[in-house]
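For chain Z, the structure is supplied; the task is to place chain R on it using the hints.
Here are the chains, one letter per residue:
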Amino acid sequence: MTAADTAGGAAGADTGAHARADMIVCEGVSKWFGDFQALDGITATIAEREVVVVLGPSGSGKSTWIRCINHLEHHQEGRIVVDGVELTNDLRNIEQIRSEVGMVFQQFNLFPHLTVLGNITLAPIWVRKKPRREAEAAARALLERVGIPEQAEKYPGQLSGGQQQRVAIARALAMDPRVMLFDEPTSALDPEMIKEVLDVMKGLARSGMTMMVVTHEMGFAREVADRVVFMEEGQIVETGTPEHFFTSPAEDRTKQFLSQIL
Amino acid sequence: MADPHFGLERHDPEGFSLTAAVDSAPPDEPSLPVGEWLRKNLFSSPFNTVLTLVFTVVALAGLRGLLNFAFSEERNWDAVRVNLRLLFTQAYPEDQYIRVWVSVGIVVALSGLSLGLWARLSGVPVARVAMWSMTAGGLIALGVVLREPSAVSGPDGDPMRDAAGEVIRQSFGAAMGDRIWWWLAAAVLFGVGAGLWRGFEDERRRHTYVPTIPLVFGSLGVVVATLWLYRWGHYAFTGNEFVYEPDRTAALSTKLPWTVMWLLLMASWAAGRQGRGTPAEGRLKVLVNLAWLLSPFILFWVVLRDPAIDWAHVWSTDLPMAAGFVIGGGAVLYGLTRPGIGEVGRVIAVGLLAFAGFNWVAAFAGWYPMLQKARFGFLLLALAALLAPNFTGERAQRLRLVWGWAGAMTVVQYLVTMANTESTLNTPTSEFLGGFSVTLFVAVFTLIFSFPLGVLLALGRTSKLPIFRVLSTAYIEAMRGIPLITVLFFFANMLNLFLPQNMELGSVAAVTVGFSLFAAAYLAENVRGGLQAVGRSQYEASDAVGLTTVQRTMFIVLPQGLRVSIPPLVGQVISTFKETSLLAVIGIFDFLFLANRAIPSQSEFLGVKREGLLFVSIVYWIFAFSMSKYSQRLERRLGVGER
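Residue numbers (the working numbering), protein chains in the order written: chain Z, 1 to 262; chain R, 1 to 643.
In isolation and in its complexed conformation, chain Z is listed as follows (with noise of 0.2 Å):
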């Protein structure tokens, strides 16, 4: 995750693509909530170091397809295998993978009580087992990173909701992920406040970071997503590179949900 992968384009279809390895597989994934379901047969494959953008209109399944991925909530058929692990029911699968996925909620869900610096080094510390000061270190150069150094003293309450998001990307940074999960991070947000979030995504997409997010910041898509995925009633509809999907779309859903949007 070193060297930047600013040739971007299609990830999918050039030869770089097969020296990378899958990071996230999900095949025929459903998921019912009671009666109703969410998902229905999601397959598909993320490789290292792609930034795949989730597109869909509301209650499409796409925040609960990423909350599956780290297992926040619990898929009933089908595989998903994170980084080589598949996600069973077994506790230390799904604490081997929450620590190697980093997720950031569209309500921030920061944790109140603690200051910036607490939120950022509470899992290294218990959970990475990192000495006090070496999580304390590494914590400010992530502040440093999402531009907010100042703010490390101060309360959550007392940061706005663009800081707030910018903490909330730096706390799940700190666990080193392999993968960075965003599911709506900046819909809470007041439009002057989306801008630096956005930033600060563009440069970890910069940095190699394999990341699924899912927006309704078509430009955030058009700009830094590697493919675009389009979700409706649990299924995907269609998958392509931004380029393809903004401008000659296959499906007729696709072009109907766009139609609304742009």
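The hints are simulated quantities; they were obtained by calculation from the structure and are not laboratory data. Check each hint, because a few of them may be wrong.
Ranges of calculated distance between the beta carbons of each label pair, as one might list FRET restraints [stated by the list, open to error]: (1) R/627 x Z/233: 53 to 63 Å; (2) R/372 x Z/154: 42 to 52 Å; (3) Z/154 x R/280: 21 to 31 Å; (4) R/470 x Z/45: 23 to 33 Å; (5) Z/233 x R/448: 17 to 27 Å; (6) Z/233 x R/346: 41 to 51 Å; (7) Z/157 x R/128: 44 to 54 Å; (8) R/202 x Z/191: 44 to 54 Å; (9) R/315 x Z/157: 55 to 65 Å; (10) R/201 x Z/191: 42 to 52 Å.
DSSO-like, lysine-lysine: derived pairs with alpha carbons at most 30 Å apart [said to hold, decoys possible]: (11) R/255 x R/40; (12) Z/154 x R/255; (13) Z/130 x R/285.
From a predicted model like this one, the values you see are computed outputs, not experimental measurements. All C-beta atoms, glycine included, are put in the ideal place defined by N, C-alpha and C.
Chain R alone, transformed into the frame defined by chain Z:
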């Protein structure tokens, strides 16, 4: 952010001077002239006018009744004055009384240190001080007028009676004239208040602060000074004889210790204040907290009880056992925290727990003898072993657990040894505590024992594991369905029948166990309310960063949940404190029992009961009210209800 209460800290964190913070405060609402205020708030409609008048009369009548009761010629307040020592410490031996003062002194010193270390230098606005002073003056004046005229005393000092046996009272004018000192006090208080009010113009009156600490210390100083100056009466033992001289100032054995306490309070406050902002501040705070936690055990079991240490036994049994647990247990824990230990560690920990549990089963069944201390030691070791997986990692991390274990074990072994050693005190009853001290003992230890148990029960009830949930729910519902007094009778009379051989609890200890088990059930429900206020998103966030269930509970759920449940928890502490008066019913010589039974059966004060009861109520009220005020401050500081 404009909070007038904290203006002082912001502007002048160290100084004592009156400080204005006008610029940062919101503008005042214009205050209404008195006449308009009355019309708007009390006489706004004919119906409200009637309500106001009726309830004014009711309030005045109530106050008059209370004053007539408290200051009646028939009251014998000597019953309380003479028995003060009895009420607070019952028959604590005279020659050992210094132990009581040392205990009080330690508590006072800790309070002072805590105030110095933690409390902000807040202030009370001059406007409020002036209002307090004027209100106090007004109330005294009102009381002087309301109270019925005093009885005319006859030549023998008793009130004179007319032919019908009614007490002859002074004329109203004469009575008012006789109460000149009260008038004077009222006038001085009112005058000071009015002077302060006038001395500051409107805006500054509200935003100029009288620092709280000097205000409180000064008031306490005035009270202590009256012990030296005012003739409260001299009631004390001098030599072995009880001296009873109403016309002298308080006895030296009263005023000297309290003066020392007052000085100690100020000195420890200053020391705490000095420690603030120094590099050692964090460590000092930990030490003071630890001292608070240990002080009930040390004070009641060691200082007050004065155990007769049997050195032969200490060398032969106690010390070797303590060393064994500290060193052996430390080694076990060091091994269990080895990074790669994995499943083996959990198996060993569960094995230890099973062994510790079996020891207790064996104790109840009487299979093999073992010192109670060892049983507790093994149980604690098993619990520490279960925690060990959280401390795996590098050497420093592992050693932290080992040192924590060594410290805790040393303290536990020491205290249990002390508690098991016979007391040297020569007291008439089997208990060395009595009166208010037994009330405090039960209240404090109930709090200490019921809090962890209540939190565990609450966690159990909200747990995903059915066995914990069912057991906790059953326990909580069972306890909440039983009247407290039943629980107390059960524990006072029957607990020892259920305990293993060689283990007996005195009645006070047994009742404390009952109280703790009872309070824990209620506490659990309060804590559960707080735990449920922690949102799902917090659980998800902790899961997403990979915390284990135990870590999530310790670092995320409990800190947030307990913060929410502070107000009901303090309410519970207050009610437990008051409920200790039920001890009187089961025949323990507590505060209420002494006032209700012991004093009225003394030959000098036969049947004198009301004075004692009023005094007991006032003392209970002072403690309960202070706790309630403290909880309000705590709530504000922790920002409950706001994020």
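Verification of the supplied hints:
Against the hinted window of 53 to 63 Å, the Cβ-Cβ separation of residue 627 of chain R and residue 233 of chain Z comes to about 59 Å, which satisfies the hint. One distance hint, 42 to 52 Å for the beta-carbon pair residue 372 of chain R and residue 154 of chain Z, holds here, with the actual separation near 50 Å. Distance hint for residue 154 of chain Z and residue 280 of chain R: a CB-CB separation of about 25 Å, consistent with the stated range 21 to 31 Å. Checked against the hint of 23 to 33 Å, the pair residue 470 of chain R and residue 45 of chain Z fails, with Cβ atoms roughly 45 Å apart.
The hint said 17 to 27 Å for the Cβ distance between residue 233 of chain Z and residue 448 of chain R, and at roughly 58 Å that hint is violated. Between residue 233 of chain Z and residue 346 of chain R the beta carbon distance is about 44 Å. The supplied range of 41 to 51 Å therefore holds. Between residue 157 of chain Z and residue 128 of chain R the CB atoms are about 30 Å apart, so this pair departs from the stated range of 44 to 54 Å. For the pair residue 202 of chain R and residue 191 of chain Z, the beta carbons lie near 45 Å from each other, so the given range of 44 to 54 Å is met.
Evaluation of the 55 to 65 Å hint for residue 315 of chain R and residue 157 of chain Z yields a pass: the beta carbon distance comes to about 57 Å. Our hint of 42 to 52 Å for residue 201 of chain R and residue 191 of chain Z holds, since their Cβ atoms are close to 48 Å apart. Taking the CA atoms of residue 255 of chain R and residue 40 of chain R, the gap is near 50 Å; set against the 30 Å cutoff, the hint is violated. A C-alpha spacing of about 49 Å is found between residue 154 of chain Z and residue 255 of chain R, which places the hinted pair above 30 Å, so the restraint is violated.
With a CA separation close to 26 Å, the supplied pair residue 130 of chain Z and residue 285 of chain R stays within the 30 Å bound.
Of the numbered hints listed earlier, those contradicted by the structure are 4, 5, 7, 11, 12.
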